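Engineer: Turn these sequences into a full structure, and let the hints steer you where they fit.
Protein sequences, first through last, are from chains A and B.
Just so we're aligned, residue 12 is where the first sequence starts under my numbering, counting upward by one.
Just so we're aligned, residue 40 is where the second sequence starts under my numbering, counting upward by one.
I should point out that these hints are in silico values taken from the structure, not numbers from a laboratory.
What you are looking at is a predicted structure, and each value in this text was computed from that prediction instead of being measured.
Be aware that a few hints might be false.
[As the list claims (entries may be wrong)] According to the in silico footprint, chain A covers these stretches of chain B (three or more CB under 8 angstroms from chain A):
#1 318 to 327
#2 340 to 352
[What the hints assert, rightly or not] Over the 10 angstroms line for every Cβ pair with chain B, so calculated as not near, a few chain A residues:
#3 30
#4 43
#5 77
#6 84
#7 103
#8 104
#9 154
#10 169
#11 221
#12 225
#13 237
#14 284
#15 286
#16 328
#17 376
Just so it is clear, CB atoms sit at the ideal spot from N, CA and C, and this is done for glycine as well.
Read off the chains here:
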Amino acid sequence: MIGPAYERFRLLGLHEDETLQYCANCKNCDISCPHNVPVSAINMMARAEQCRKKAPCLRDWIVAHGETMAKWLTPLPAALKNFGMDNPLTRKVLDKIGIAEKSPLPLFAPRTFRSLVRRLHQPANAKKVAFFPGCYTNIYNPMTGIDLVRVLNRAGYAVEVPDGFVCCGLPLISNGFLDEASANAEKNMAVIARYRKEGVPVIATCPSCRLMFIQDLREFFPEIVERYGEPDVGDAMRFILDLVETNGIDLPPTREGNIPHHFIYHAPCHLRAQGQGLPSPELLRMLPGVTVDNADAGCCGISGSYGFKSEKYAISQKIGEELFKTIRENAAETVVTECGTCRQQIRHGTGKDCLHPVSVLRRILDRG
Amino acid sequence: MNRKTDVIVIGTGLTGLTAALAASRFGASVRLIATGAGALSISNGCIDLLGYVNGTLVEAPFAVMENLPANHPYRLIGREAVGQAMDFLQVELKGACPLNGAADDEGRAVNTLLPTVAGTLKPSWLFPDELDPRPLFSAKKVLVAGIKGLRDCSPALVAAGLGRQSCLRGVDFQKTTLPDPFDGVHRAVSPLDIARFVSTDKGLGWLLTSLGRWAGKTDVILLPPVCGCAAGGTVIKHLRSELRCHVEEMLSVPPGVGGLRLRDALRQALHEAQIDVIENAPCVSAEIFDGRCDSVTTAGPGGQMRHAAGTFIVATGGILGGGVTVTPDEARESIFGLPVAMPKDILARSGEKIFDAHPLSRMGVGVDASLRALDAKGDVFCDNVFFAGRTLGGYDDTAEKSGNGVAVATGWTAARAACGFCHTGVSS
Chain A
12 MIGPAYERFR
22 LLGLHEDETL
32 QYCANCKNCD
42 ISCPHNVPVS
52 AINMMARAEQ
62 CRKKAPCLRD
72 WIVAHGETMA
82 KWLTPLPAAL
92 KNFGMDNPLT
102 RKVLDKIGIA
112 EKSPLPLFAP
122 RTFRSLVRRL
132 HQPANAKKVA
142 FFPGCYTNIY
152 NPMTGIDLVR
162 VLNRAGYAVE
172 VPDGFVCCGL
182 PLISNGFLDE
192 ASANAEKNMA
202 VIARYRKEGV
212 PVIATCPSCR
222 LMFIQDLREF
232 FPEIVERYGE
242 PDVGDAMRFI
252 LDLVETNGID
262 LPPTREGNIP
272 HHFIYHAPCH
282 LRAQGQGLPS
292 PELLRMLPGV
302 TVDNADAGCC
312 GISGSYGFKS
322 EKYAISQKIG
332 EELFKTIREN
342 AAETVVTECG
352 TCRQQIRHGT
362 GKDCLHPVSV
372 LRRILDRG
Chain B
40 MNRKTDVIVI
50 GTGLTGLTAA
60 LAASRFGASV
70 RLIATGAGAL
80 SISNGCIDLL
90 GYVNGTLVEA
100 PFAVMENLPA
110 NHPYRLIGRE
120 AVGQAMDFLQ
130 VELKGACPLN
140 GAADDEGRAV
150 NTLLPTVAGT
160 LKPSWLFPDE
170 LDPRPLFSAK
180 KVLVAGIKGL
190 RDCSPALVAA
200 GLGRQSCLRG
210 VDFQKTTLPD
220 PFDGVHRAVS
230 PLDIARFVST
240 DKGLGWLLTS
250 LGRWAGKTDV
260 ILLPPVCGCA
270 AGGTVIKHLR
280 SELRCHVEEM
290 LSVPPGVGGL
300 RLRDALRQAL
310 HEAQIDVIEN
320 APCVSAEIFD
330 GRCDSVTTAG
340 PGGQMRHAAG
350 TFIVATGGIL
360 GGGVTVTPDE
370 ARESIFGLPV
380 AMPKDILARS
390 GEKIFDAHPL
400 SRMGVGVDAS
410 LRALDAKGDV
420 FCDNVFFAGR
430 TLGGYDDTAE
440 KSGNGVAVAT
450 GWTAARAACG
460 FCHTGVSS
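Structural biologist: Structure below.
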């Protein structure tokens, strides 16, 4: 028993429930509650207090600190890092400290998004938009970020990637490192406030990072939100959809010979929790020749770092079972979803290729 | 601003789901805006049409609908619409979650009585296979099974209560408690936990083994709602054939295993009809010009968003669901701020006996025959906004046992009106 019911006992000092460690912070409880009870935040705060009493293990530190570890490993070439992390021997050692041997660890990209974007030529004297890349795009999947930049360049925007942005803090919170998450929030909010003053929108491609800003920061660090103002980070796909609807981006015309594309779309839980619908399938369906099926088959089970943990791996696969089955049975060869770790999990569970919707959009726009 | 659609349905309970599906079948493009999982998930999955009028048990609901007050939703939309709505739901769910009704000796459709974990009988109209009570009323031996660790169902209470019912006189009630399926857990177990377990091969095996010694030795086995999570009755049919007797579930308290089955079946139908669902998006206001609503605004965690549509169906629930906001001094419909009549005197808002009818339960939006809200002067408030389900006034779902019936009947009628299908009783 966790959530608000458990809080009564915990706050009275009557009972500590170990199963609190099994909450994946997927936020389906928040989606299900009609009365706005912040169930997931209650769980995460209770977990942070448990972690204050009993420090999290090395494994939890590792999965919570992807950004720090990537920084330490920067001097090494990606091939070596990946060999070092993903060879059978290391996986056995990692398994010993609690990272499931079979879990689908993401691989380091040859170059980070930040280093790649610096070298891109973007339109001069253009309208500005700031991009919060998040750790997954920056470290493991820079193509998502590059594709976003190119799509927005097409609409006459230059994309800035502020150096001041650090990890949004969600993996820190999910693993009980509330104080570090607070320090990150402070840094990020200072940058967001600066852009707000300049009237430049800030957007994110990762639904979990965005949810961290728009919802979780308010719950966990209200004093920081009060100091810096609204954490107004927009959804990148909604931003592009709005541009399309105001004719800011021209879509290719429908004509004879449009290549048919068939995708299956998975809505990440952290996007559904934002309460603004699903802009990506709506946008992709506007493209000529594109069919998008909505999988609508629940959570993929990974929940950020949850599904990588030895004691949770089997649960995580089981949660994703229905989604995997739906995707496997669908004729589409490519899965589209905004969340990086969802893509990691779906590839692992189905063997199908997974892309961020902005990558699909760029490919079709480039082809014209 | 979201892309414009023909019909926006606000609410994801039985009313909203029915309205969205019906509007789609009438040919409209539909978007559904949801806050929470909807009250269907805490209900039992049967459709109570009209169980009591003024405290008297109703046998044939359609025969007595004319005796209801003039502002009762059934009176407003008419008996025919109520019947069409029930047919619609049965046809739509024929494959995924078949709903049946009872008939008397002459083949006339009548209410049936469903046993509950409190040992009472509740009149209902349509029920899924899991709840089929018909063999119970000709049974000689009935086994009531509880489950160790499940606090919501006491076989002794059920047997004593049902034993007092005149229609079950002479029945030999036996009681048993099945072993704990989880071998002891650290929290209270709900029927939903067990239903999820029974959905697995291991869980089904546990249930069959636990009931094995009763196989063929009783006419009916009454269980709490634990026979799997999926709609369609696969588990219950398997149990009946293996145990060589009728097995049925009793109605229970939330979480509503039966309601969740029905909800899943309806959600699947919405999915197949490609109806967009926007979750976690509380609707906070509406933009009205010249007596027409252009759009509604939601305020989810991601921020405010406008949703434009040709027509709107409001199925946001009553006081508990958030569709009606009540302060000590006044009651208002939550999105449009429509006034809802409430007795001035606080004591006049509730009845004397707690289990009887209460004026508070009849509070809700007043509407015309096509379910458009009426303002204080009795004029239509907004041409293209239709209200359905517990948001409506004029009925007491608890005292009448008419909650899901009004939900389906008004949800379907609102969809028909919203899609421009003319209702014979409407002059406009």
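Engineer: Hints first: check each against the structure and report whether it holds.
Structural biologist: Going through the hints against the structure:
1. Check on the stretch 318 to 327 of chain B: 4 of its residues sit with their Cβ under 8 angstroms from a Cβ of chain A, so the three-residue criterion for coverage holds.
2. Beta-carbon proximity to chain A at under 8 angstroms applies to 4 residues in the stretch 340 to 352 of chain B; the threshold of 3 is reached and the given coverage holds.
3. A beta-carbon of chain B comes within 10 angstroms of the beta-carbon of residue 30 (chain A); the shortest separation is about 8 angstroms.
4. Not every beta carbon of chain B lies more than 10 angstroms from that of residue 43 (chain A), the smallest distance being close to 4 angstroms; the non-interface claim is violated.
5. Separation of residue 77 (chain A) from chain B is adequate, the least Cβ-Cβ distance of about 24 angstroms exceeding the 10 angstroms criterion.
6. Every CB of chain B lies more than 10 angstroms from the CB of residue 84 (chain A), the least distance being 34 angstroms, so the non-interface label holds.
7. Once the 10 angstroms rule is applied to beta carbons, residue 103 (chain A) is consistent with being away from chain B; the minimum gap is 31 angstroms.
8. For residue 104 (chain A), the non-interface assignment is confirmed: its Cβ lies about 33 angstroms from the closest Cβ of chain B, beyond the 10 angstroms cut-off.
9. No Cβ of chain B approaches the Cβ of residue 154 (chain A) within 10 angstroms, the least distance being about 25 angstroms, so the stated non-interface status holds.
10. The beta carbon of residue 169 (chain A) sits about 25 angstroms from the closest Cβ of chain B, which is more than 10 angstroms, so the claim that it is off the interface holds.
11. A Cβ of chain B approaches the Cβ of residue 221 (chain A) within 10 angstroms, the least distance being about 8 angstroms, so the stated non-interface status is violated.
12. Against the 10 angstroms criterion, residue 225 (chain A) falls within the reach of chain B, whose nearest CB is about 6 angstroms from its own CB.
13. For residue 237 (chain A), the non-interface assignment is confirmed: its Cβ lies about 18 angstroms from the closest Cβ of chain B, beyond the 10 angstroms cut-off.
14. Separation of residue 284 (chain A) from chain B is inadequate, the least Cβ-Cβ distance of about 6 angstroms not exceeding the 10 angstroms criterion.
15. Not every C-beta of chain B lies more than 10 angstroms from that of residue 286 (chain A), the closest at about 2 angstroms, which undercuts listing it as non-interface.
16. Against chain B, the non-interface label of residue 328 (chain A) holds: every CB pair exceeds 10 angstroms, the least being about 15 angstroms.
17. Distance check for residue 376 (chain A) against chain B: the nearest CB is about 20 angstroms away, which clears 10 angstroms, and the non-interface claim stands.
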